[in-house]
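J.: One letter stands for each residue in the lines below.
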Amino acid sequence: MQIYLPIAEVSVNAFLLLGLGGIVGILSGMFGVGGGFLMTPLLFFIGIPPAVAVATEANQIVASSFSGVLAHLRRKTVDLRMGTVLLIGGLIGAAVGVVIFNYLKALGQVDLLVKLCYVVFLGIIGGMMFFESLRAIRRTRRGAPPQRKKHGWVHGLPFKMRFRTSGLYISVIPPVLVGISVGILAAIMGVGGGFIMVPAMIYLLGMPTKVVVGTSLFQIIFVTGFTTMLHATTNFTVDVALAVLLLVGGVIGAQIGAQIGTRMKAEQLRILLALMVLVVCGKLALDLLLMPSELYSIGTAGGH
Amino acid sequence: MLRLALLFCLAALPLRAEEVVLGLSSDKVAITATFEGSDILIFGAVKRETTIPEIPLDVVITVSGPSLPVTVRRKDRRLGIWVNTEMVALDAAPSFYAVATTGPLDTVLSNTEDLRHRVSIPRAIRSVGAATMAEDAERFTDALIRIRRDQGAYQMREGAVVLDQQTLFRTAIRLPANLTEGTYATRIFLTREGRVVSQFQTTIDVRKVGLERWLFSLSREQPMLYGLMSLAIAIAAGWLASAAFQVLRRG
Numbered sequence: 000m001q002i003y004l005p006i007a008e009v010s011v012n013a014f015l016l017l018g019l020g021g022i023v024g025i026l027s028g029m030f031g032v033g034g035g036f037l038m039t040p041l042l043f044f045i046g047i048p049p050a051v052a053v054a055t056e057a058n059q060i061v062a063s064s065f066s067g068v069l070a071h072l073r074r075k076t077v078d079l080r081m082g083t084v085l086l087i088g089g090l091i092g093a094a095v096g097v098v099i100f101n102y103l104k105a106l107g108q109v110d111l112l113v114k115l116c117y118v119v120f121l122g123i124i125g126g127m128m129f130f131e132s133l134r135a136i137r138r139t140r141r142g143a144p145p146q147r148k149k150h151g152w153v154h155g156l157p158f159k160m161r162f163r164t165s166g167l168y169i170s171v172i173p174p175v176l177v178g179i180s181v182g183i184l185a186a187i188m189g190v191g192g193g194f195i196m197v198p199a200m201i202y203l204l205g206m207p208t209k210v211v212v213g214t215s216l217f218q219i220i221f222v223t224g225f226t227t228m229l230h231a232t233t234n235f236t237v238d239v240a241l242a243v244l245l246l247v248g249g250v251i252g253a254q255i256g257a258q259i260g261t262r263m264k265a266e267q268l269r270i271l272l273a274l275m276v277l278v279v280c281g282k283l284a285l286d287l288l289l290m291p292s293e294l295y296s297i298g299t300a301g302g303h
Numbered sequence: 000m001l002r003l004a005l006l007f008c009l010a011a012l013p014l015r016a017e018e019v020v021l022g023l024s025s026d027k028v029a030i031t032a033t034f035e036g037s038d039i040l041i042f043g044a045v046k047r048e049t050t051i052p053e054i055p056l057d058v059v060i061t062v063s064g065p066s067l068p069v070t071v072r073r074k075d076r077r078l079g080i081w082v083n084t085e086m087v088a089l090d091a092a093p094s095f096y097a098v099a100t101t102g103p104l105d106t107v108l109s110n111t112e113d114l115r116h117r118v119s120i121p122r123a124i125r126s127v128g129a130a131t132m133a134e135d136a137e138r139f140t141d142a143l144i145r146i147r148r149d150q151g152a153y154q155m156r157e158g159a160v161v162l163d164q165q166t167l168f169r170t171a172i173r174l175p176a177n178l179t180e181g182t183y184a185t186r187i188f189l190t191r192e193g194r195v196v197s198q199f200q201t202t203i204d205v206r207k208v209g210l211e212r213w214l215f216s217l218s219r220e221q222p223m224l225y226g227l228m229s230l231a232i233a234i235a236a237g238w239l240a241s242a243a244f245q246v247l248r249r250g
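Going down the list, the protein sequences come from chains A and G. For the record, in the first sequence the residue sitting at position 82 is 81 according to numbering that gives the first Met the number 0, with numbers rising by one throughout. For the record, in the second sequence the residue sitting at position 168 is 167 according to numbering that gives the first Met the number 0, with numbers rising by one throughout.
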């Protein structure tokens with residue numbers, strides 16, 4: 000069934016969009032990522048104008064993250080206190096990031112920089128997670144006891160706070176710093192930042208993998224909600240018809256994803272996320288290295 | 000001198016005496032939520048006071064969507080990776096353009112007439128300053144035409160106009176589903192030996208209606224409200240799915 004989208008001004012297959020939303024929703028519920036980095040190229044591919052794709056997707060992520068958070072709240076795997084601290088850092092970071100982004104845009108070639116940023120970051124994060132999870136799986140196979148958390152310099156910092164759900168008693172400085180840096184990166188790369196936030200929470204803050212997913216989704220709701228409003232009021236590029244088609248699949252997928260996530264071991268979850276990050280990284284790298292079939296591209300005037 | 004002018008007028012008269020009487024299957028296209036494109040039937044007759052001249056008549060029909068500035072970029076390999084390097088900004092390119100004729104365009108319309116009336120696809124694109132932006136600006140225009148033709152937005156249909164008895168003509172133009180809103184100019188040219196002997200112009204109005212119209216207007220006129228509505232829908236859908244799954248698991 001073809002549906003004409005009022006803002007995007009293109010006609011698309013409704014069932015295709017429902018399916019796309021569903022797949023991205025499952026990933027969102029399982030791993031605590033928004034799925035924007037996966038959805039954007041898919042929407043480009045079916046002919047949605049880039050500006051509309053990016054803005055509408057933010058709206059869809061609000062829905063699937065909200066659905067996912069409710070599922071995780073029932074299982075008590077959302078650290079609201081940690082989420083709020085990360086969010087405060089994230090908003091500061093996003094504001095700084097937008098300033099940096101505009102500066103880079105004035106220099107030109109921002110698209111290339113974003114893509115290179117993506118490839119480097121995804122490659123490093125994915126690679127590290129993959130080998131770490133592999134080691135963890137081998138260790139449990141051999142029956143060795145899991146490593147105890149080490150007490151490092153992080154635990155000597157002031158302003159300690161108890162994060163009961165995560166089982167942590169640490170200073171608020173590291174979470175705020177993580178929030179700020181992810182916020183900056185997210186603003187520059189134009190994504191919600193889930194797939195940077197999740198590994199950062201696991202490895203830098205030492206949060207349990209199960210809690211990380213729900214907590215990441217919690218803060219993604221606010222970030223993408225803010226982004227949606229920004230796009231709707233400044234660029235007029237949020238297509239509500241497209242969003243509805245995507246989010247129907249997305250909210251259902253998020254519920255299924257959250258259920259799958261609880262049945263899996265933390266190491267398995269991490270290794271799957273690592274693989275997904277590496278696949279996206281590989282795809283982006285190939286785009287840059289292989290000769291495109293169409294050398295020319297059409298954009299609207301006034302772009303850079 | 001006066002006699003000569005009068006003679007000239009008389010000689011030219013039979014050519015001008017042919018006029019187009021046009022019909023359209025519809026002069027309005029309504030874009031609804033389930034819009035799947037539309038076929039417009041363009042038909043008409045040639046009205047003339049005199050007998051049919053010896054030289055055969057040809058008909059050229061063009062339908063053109065709203066023109067907008069367009070930027071075309073080209074990728075090149077730099078340091079092993081493919082990046083956008085050169086770009087050409089075209090002043091105006093129609094979002095949709097279709098040409099239908101009774102025969103091959105280069106025989107039914109001469110080059111000078113094409114230039115004057117901007118009939119063929121490359122002529123319909125205005126690119127005044129393009130040549131200064133890149134050495135081979137023409138290849139950027141060609142790329143634009145190629146990409147849009149593959150999308151069905153630019154159509155060149157030689158021989159698609161049927162002409163009966165030198166008088167009745169008809170053709171169908173397929174408007175694709177990915178249609179931009181606006182006024183679509185429709186032009187009909189009657190030609191003889193490549194020269195335009197008569198022309199007629201009308202418009203087809205393409206408008207979003209119903210829900211499409213309402214959403215589009217709301218997003219432009221009340222962007223804050225529109226944004227909040229989008230968020231409300233998202234939150235409600237998220238909650239609904241969660242509640243539904245909870246019921247499902249219990250039941």
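Just to be clear, a hint being listed does not mean it is correct.
Stretch by stretch, here's where chain A covers chain G in the computed footprint (C-beta under 8 Å, at least three residues) [as the list claims (entries may be wrong)]: (1) 27-40; (2) 97-107; (3) 176-182.
Source of the hints: derived by calculation from the structure; they are not laboratory data. From a predicted model like this one, the values you see are computed outputs, not experimental measurements. By construction, the Cβ of each residue, glycine as well, lies at the ideal position given by its N, Cα and C atoms.
J.: All hints are to be evaluated individually against the structure, with a verdict given for each.
T.: Hints, one by one, checked against the model:
no., hint, verdict
1, 27-40, "holds (count 7)"
2, 97-107, "violated (count 0)"
3, 176-182, "holds (count 5)"
This entry does not satisfy hint 2, going by the numbered hints stated previously; all others are met.
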